[in-house]
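Undergrad: Below, each chain spelled out in residue letters.
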Amino acid sequence: MIEDLKEKAKELLTSKKVDVVIGYEAGTYKDYASPSFAKTAKDVDRFVWNKNCVNNLAIYITKAKGKVGIIAKGCDVKSIIGIIQENQINREDVVIIGIACDGVEIDGEKADKCNFCDVHTPKIYDILIGDKIESKESSQDKYKEVAEIENKSPEERWKYWKDTLSKCIRCYACRQVCPLCYCDKCFVDTTVPQWIPMSVNEDNNMMFHMIRAYHMASRCIGCGECQRACPMNIPLNILSKKMTKEVEEMFGYTPGVDIEAKPAIQDFNKKEDPDKEFIM
Amino acid sequence: MADKLISKEDLNTLIDNLAKDIDVFAPVKKGDMYLYSKISSSKDISLNGKNTKKPLKEVFFGQSEELISFKTAKKEIEIIESEEDGKKRVIIGSRPCDAAALPILDEVFGWDYKDSFYLDKRERTTIISITCNEVEESCFCTSFGNISPSSKEGSDLLLTDIGESFYVEVVTDKGDAIIEGNSNLFKKAENISQKDKRQKEAVEKVKRRVELEGLKEKLDINFEDPIWKEISQKCLGCAACTYLCPTCHCFDIQDEMKKSTGKRVRNWDSCAFGHFTQMPGHQPRTEQFQRFRQRVIHKFKYYVDKFNKTACVGCGRCIENCPVNMDITKVIEKIVSS
Ligand code: SF4
Ligand code: SF4
Ligand code: SF4
Ligand code: SF4
Ligand code: SF4
Chain X
1 MIEDLKEKAK ELLTSKKVDV VIGYEAGTYK DYASPSFAKT AKDVDRFVWN
51 KNCVNNLAIY ITKAKGKVGI IAKGCDVKSI IGIIQENQIN REDVVIIGIA
101 CDGVEIDGEK ADKCNFCDVH TPKIYDILIG DKIESKESSQ DKYKEVAEIE
151 NKSPEERWKY WKDTLSKCIR CYACRQVCPL CYCDKCFVDT TVPQWIPMSV
201 NEDNNMMFHM IRAYHMASRC IGCGECQRAC PMNIPLNILS KKMTKEVEEM
251 FGYTPGVDIE AKPAIQDFNK KEDPDKEFIM
Chain F
281 MADKLISKED LNTLIDNLAK DIDVFAPVKK GDMYLYSKIS SSKDISLNGK
331 NTKKPLKEVF FGQSEELISF KTAKKEIEII ESEEDGKKRV IIGSRPCDAA
381 ALPILDEVFG WDYKDSFYLD KRERTTIISI TCNEVEESCF CTSFGNISPS
431 SKEGSDLLLT DIGESFYVEV VTDKGDAIIE GNSNLFKKAE NISQKDKRQK
481 EAVEKVKRRV ELEGLKEKLD INFEDPIWKE ISQKCLGCAA CTYLCPTCHC
531 FDIQDEMKKS TGKRVRNWDS CAFGHFTQMP GHQPRTEQFQ RFRQRVIHKF
581 KYYVDKFNKT ACVGCGRCIE NCPVNMDITK VIEKIVSS
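Chains as they are written, first to last, in our numbering: chain X, 1 to 280; chain F, 281 to 618.
Certain hints may be false.
Said to hold, decoys possible - Covered stretches of chain X (in silico footprint by chain F; criterion: 3 or more residues with CB under 8 Å from a CB of chain F, positions within the stretch not fixed):
1. 26-36
2. 150-156
3. 227-235
To be verified - Keeping only pairs whose Cα atoms sit at most 20 Å apart, straight-line, the calculated DMTMM-like set for lysine to aspartate or glutamate is:
4. K123/X / E92/X
5. K401/F / E510/F
6. K318/F / E260/X
7. K454/F / E613/F
8. K30/X / D585/F
9. K167/X / E361/F
10. K318/F / D296/F
11. K487/F / D31/X
12. K245/X / E92/X
13. K351/F / D505/F
14. K467/F / D324/F
15. K30/X / E338/F
16. K538/F / D31/X
17. K509/F / D4/X
18. K162/X / E417/F
19. K63/X / D312/F
20. K123/X / E260/X
21. K67/X / D456/F
22. K610/F / E11/X
23. K498/F / E484/F
24. K167/X / E346/F
25. K30/X / D441/F
26. K51/X / E92/X
27. K167/X / E338/F
28. K42/X / D324/F
29. K614/F / E145/X
30. K30/X / E416/F
31. K310/F / E202/X
32. K65/X / D19/X
33. K39/X / D456/F
34. K610/F / D31/X
35. K30/X / E510/F
36. K538/F / E202/X
37. K65/X / D31/X
38. K39/X / D4/X
Calculated from the structure, these hints are not laboratory results.
If you're wondering where the values come from, they're calculated on a predicted model, not measured in any experiment.
We put the beta carbon where it would ideally sit given N, CA and C, even for glycine.
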């Protein structure tokens with residue numbers, strides 16, 4: 001697979017179809033692969049593909065200049081779909097080197113998302129590396145942790161989130177690593193007006209996470225990068241899964257599936273269906 | 281100031297005794313990580329296990345520290361100074377790298393403007409460090425001449441686990457005062473060979489190393505080098521590496537108002553953020569590579585120029601916590617060999 005991947009990446013660069021190919025190289029810490037940027041065929045020799053290739057490289061396509069080739073797993077492609085739907089890049093400006101992926105690991109353990117993967121073969125791609133892998137219905141409940149929180153009493157739930165989010169140091173690794181958090185100016189960074197004071201405390205932390213969760217509703221594709229990036233081990237997946245579940249139930253919309261679909265957050269067409277709910 | 285021994289049981293007694301009158305901070309296991317916390321009993325402390333997630337600096341330079349509070353009424357403003365309780369404090373079980381970071385912070389907080397909030401806490405605190413029992417894959421403290429898993433830099437006492445007891449090395453008068461005040465718990469030192477053995481073992485466990493030779497000379501001249509763009513490319517501009525770094529010390533002071541009352545709070549800030557220094561009007565580093573460059577050059581050149589030492593102690597937190605595996609040791613290697 002890796003030879004095929006390298007060959008295709010080199011072809012793209014030597015034929016000048018792209019200016020850069022974003023892939024993975026061996027990391028230096030634990031079982032880790034690290035993002036890698038190849039501008040020449042020679043750079044491509046650094047590339048690896050293995051269980052450690054967990055990072056969602058789609059974060060870099062909104063930052064890159066020129067035409068970009070990107071190595072993308074099925075889940076990463078979901079976020080590329082989202083980015084294109086939201087007009088942040090043009091489909092023509094990105095060459096998706098999709099990878100048939102049967103799972104990645106974080107610190108030697110299968111990543112949570114891979115237990116529920118429905119995109120072992122990416123939804124869209126320009127080049128596919130590896131043989132197509134069929135996705136089977138998962139026997140596990142994707143919303144198990146969400147249900148556990150939902151089953152708490154409001155007081156217990158409030159306490160749970162207060163305690164959990166009070167650990168947050170507002171380093172914003174979760175935001176920075178998120179391919180859909182591409183805003184030039186995030187609401188937490190504005191100073192006039194300042195929506196959230198800079199002080200780290202339960203209230204401010206809670207505000208940050210609640211607003212971010214709303215901003216991600218119908219947009220988060222569940223790559224799990226925020227939770228992986230969080231140095232304080234805050235289970236951010238639960239928040240995003242809850243929003244995904246709500247949006248699925250209320251609007252029948254699942255992000256990252258159909259590039260032509262209108263995301264629930266952009267869909268204000270109440271005229272056609274007067275009973276339809278607005279997301280905001 | 282002769283070395284001593286203290287049995288494990290007596291150390292617990294010491295901690296319990298101290299906690300009655302003064303504030304004792306120690307690594308405590310919270311969920312799946314260790315954090316410095318105020319403890320009331322020796323039962324809460326974890327002297328083995330991983331290094332703390334947040335560095336020791338937070339005990340002196342908290343992430344959000346109230347400097348003053350105020351009330352407004354019509355055109356009058358009443359200012360209320362924040363009162364420190366003035367209590368003596370002890371840290372037990374700090375890692376030698378974290379302790380070594382304190383003299384680095386002392387320079388910045390005490391150089392021209394004397395930062396009373398920081399310096400007062402420093403003055404009141406005795407640091408009892410411990411030779412590392414566990415070493416992480418990310419640790420590279422031994423790359424710096426004066427730091428190791430058993431170095432004394434920044435500590436007042438250094439404990440080394442030699443089985444039934446801790447071997448106690450006295451570094452400063454402050455450390456000695458703890459022994460003087462609890463002399464019944466300390467015994468005459470013996471088993472120095474066992475201590476030396478444990479310390480040597482700990483040092484040998486540190487496998488990561490970076491050659492700093494030639495780095496400063498490179499940084500003196502490579503500000504405009506295209507290498508910065510290349511090595512920083514994957515950096516996402518979060519603050520995991522700077523907030524969790526024991527020597528990073530940037531802050532932003534903001535007033536936070538609620539109706540007619542408010543407080544002036546000092547918060548950790550990071551040069552990695554796009555809006556860093558925007559508040560006073562201007563962010564001179566508009567691109568991520570410039571911000572990344574600032575972090576490296578500050579630690580390994582600007583600070584060295586000013587205070588004649590490096591502002592990194594090799595704790596490895598920036599490596600361990602970076603979501604894209606930015607490895608400062610590899611960055612340094614690339615710069616040196618460029
Ligand atoms: S979710 Fe699917 S595509 Fe994504 S890493 Fe896991 S197995 Fe691969
Ligand atoms: S990564 Fe974690 S600690 Fe940092 S801002 Fe996000 S939730 Fe908070
Ligand atoms: S932790 Fe990593 S990604 Fe975040 S600012 Fe530091 S080097 Fe960049
Ligand atoms: S730069 Fe990294 S290794 Fe050095 S002291 Fe800071 S966090 Fe530790
Ligand atoms: S590296 Fe950045 S955050 Fe750390 S002390 Fe220097 S300027 Fe401040």
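Undergrad: Holds or violated: K167/X with E346/F, Cα cutoff 20 Å?
TA: holds, 19 Å
Undergrad: Can the restraint linking K51/X and E92/X be considered satisfied, given a maximum Cα separation of 20 Å?
TA: violated, 29 Å
Undergrad: Does the alpha-carbon distance linking K610/F and D31/X stay inside the 20 Å limit?
TA: holds, 16 Å
Undergrad: Would the pair K614/F and E145/X pass a check requiring their Cα atoms to be no farther apart than 20 Å?
TA: violated, 43 Å
Undergrad: Need the status of pair K162/X, E417/F: alpha-carbon distance at most 20 Å?
TA: Roughly 33 Å between the alpha carbons, so the hint for K162/X and E417/F is violated.
Undergrad: Are the Cα positions of K39/X and D4/X separated by 20 Å at most?
TA: holds, 18 Å
Undergrad: Tell me if chain F covers the segment 150-156 of chain X under the three-residue, 8 Å CB rule, please?
TA: violated (count 0)
Undergrad: Regarding the pair K509/F and D4/X, is the alpha-carbon distance no greater than 20 Å?
TA: violated, 29 Å
Undergrad: Are the Cα atoms of K63/X and D312/F separated by 20 Å or less?
TA: Outside the cut-off at roughly 34 Å; violated.
Undergrad: Quickly compare the C-alpha distance for K538/F and E202/X to 20 Å and report which way the hint goes.
TA: holds, 16 Å
Undergrad: Holds or violated: K30/X with E338/F, Cα cutoff 20 Å?
TA: Measuring from Cα to Cα gives roughly 27 Å; hence the hint is violated.
Undergrad: Sort out whether D296/F lies within 20 Å of K318/F, counting only the CA atoms.
TA: Judged against 20 Å, a Cα distance of about 12 Å means the pair holds.
Comparing the model with each earlier hint shows violations of hints 2, 5, 6, 7, 8, 9, 12, 13, 14, 15, 16, 17, 18, 19, 21, 22, 23, 25, 26, 28, 29, 33, 35 and 37; every other hint is respected.
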